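Q: The listed protein sequences correspond, in order, to chains S and L. Everything in the first sequence is counted per this note's numbering, starting at 1 for the first residue and increasing by one. Everything in the second sequence is counted per this note's numbering, starting at 1 for the first residue and increasing by one.
No wet-lab data here; the hints were simulated from the structure. Being a predicted model, the structure only gives us computed values, none of them experimental. Each statement offered as a hint is correct.
List of simulated lysine to aspartate or glutamate pairs, EDC-like, C-alpha gap at most 16 Å:
hint: 1; chain 1: L; residue 1: K12; chain 2: L; residue 2: D61
hint: 2; chain 1: S; residue 1: K79; chain 2: S; residue 2: E157
hint: 3; chain 1: S; residue 1: K79; chain 2: S; residue 2: E6
hint: 4; chain 1: S; residue 1: K133; chain 2: L; residue 2: D8
hint: 5; chain 1: S; residue 1: K133; chain 2: L; residue 2: E7
hint: 6; chain 1: S; residue 1: K133; chain 2: L; residue 2: E13
Sample of chain S residues with no beta-carbon within 10 Å of chain L, all distances over it, derived:
hint: 7; residue: L60
hint: 8; residue: P171
hint: 9; residue: G226
Footprint (simulated), chain S over chain L, 3 or more residues, beta carbon under 8 Å:
hint: 10; region: 111-124
hint: 11; region: 133-142
hint: 12; region: 189-199
Glycine is no exception: its CB is placed at the ideal position from the N, C-alpha and C atoms.
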Amino acid sequence: MEPLIEVQGLHFRYDSGPEVLRGVNFRLFPGESVALLGPNGSGKTTFVLHLNGLLRGEGLVRVCGLPTRPEHLPSIRRKVGILFQDPDEQLFMPTVLEDAAFGPLNLGLDPPRALHAAQEALALTGMSAAWHKAPYHLSAGEKRRAALAGVLAMRPEILVLDEPTTYLDPPGRRELADLLRRLPQAKLVVTHDATFACATTTRAVFFREGRIESEGPTAELIRRLGWDERLPPAEPAP
Amino acid sequence: MRHLVLEDWSRKESWLHARDPRAKLMAAVALLLAIGTSPAGSPSRLAGYALLLLAGVIIADLPVRGVWLRACVVLPFAGVFGVLAWLAGEPGRAAAVGVKSYLSAWTLVLLAATTPLPALLRGLASFGVPRFLLIVIQLLYRYLFVIAEQAHHMRLAAASRGGGFRLRSRQGWRAGAGAVATLFARSHARAEAIHRAMLARGYRGEFPLASPPRFGLGDALLSLWASAAAAALRLA
Ligand SMILES: Nc1ncnc2c1ncn2[C@@H]1O[C@H](COP(=O)(O)OP(=O)(O)O)[C@@H](O)[C@H]1O
Ligand SMILES: [Mg+2]
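One chain only, chain S, in its complex shape (with noise of 0.2 Å):
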């Protein structure tokens, strides 16, 4: 089976900085949920980024076979949709359908088909009775959830989220994985938590310091690596 996404020896520095991404080697199958785990700073939304195109390395990136070049970035952009971690950054429009709608307008759907498209995907994110708000007068939950359904709205073959559970409380967090888990993209979820991204991949990645380190079925990574919230209980005071 052809993979979605392939990336072999990617290398990226910012500016004259030190290497931040050291040769990552990654593919992405249709229909898989995959989890990336890994340290602040190790270069995972680097690596995310350089999933359509907005940042280029020396190395290999396709999707879908088209490499990342300029010529390709229109469809490839199409077919990736990513979410990224603050969702203020994302919702840049009025209103949270002008925002749903941007996407498939740019698309050069014509305003009533953008704007059908962007109904369901508000409709698939719970969002559809918000249409008309302003992002400032949205909770984190529906924020995030409108950020999504302008990804979904240009319908993508793959969704990358980057740490989608920020500012999330656990009801918001269960939301979301419900949400994901019906969604029927192939996944690439950067997450620091443990519990979210068991309920939502089958297969993890870890990185550190710009290079996958080790991978597995995201349960067992996870306890191999140790690389969960858990902690012994507090003792009740004396």
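Given the coordinates of chain S, assemble chain L with the ligands onto it according to the supplied hints.
A: Quick look at chain L with the ligands alone, frame taken from chain S:
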């Protein structure tokens, strides 16, 4: 802080709210022209404009007192001109300047309170105001709150460590300047991130418009009626 009353008002539903932004812009411009060119010493004419505006506020189902209060923002500026005119020995002109500025502000408040900013910007775009400028205004408006909130958090953080931006001491100045620099750097990083998020959703330099507004009978009536009333008052 997260709430602009004007923003809430602009999303209400009334006959005036439902009108095309271009119609409201035309009506407002007609009224502003009439008010601005009215000679001093015609109190009944100015009262006529006020009645017209009051009718607008009532049709739009807005709180009259609230609108009046918000239009007061111009009084300090108008006051300076008024005082200058008074000192120049023209008390009648001084009063007219004050009243006319106030009526103009009232017009603009009514426009903004019945038209959400995005719609207003679309209206301006169709009158040939450069799109680039309008996009900048739209993004500024969207992120004003985010940046203001950031500034607020920084002030809280400074205050809880016993600091604060009191600009009396040299240290206060330095802390204040540092905070502004931090805010600027963060805003810059944010702008970059927003640009990336736009590119990721297919942005290629053209800001798309979701719904080209439709100019209907009610819209034509509003702009005609308001322009006619303003002209009649002005020429009476
Ligand atoms: N725009 C940038 N310019 C320079 N350095 C950056 C930039 N963004 C991230 N970095 C650096 O690259 C490294 C990896 O960052 P990032 O990809 O955000 O890691 P992660 O998402 O795993 O926390 C960090 O050392 C960070 O300081
Ligand atoms: Mg990151």
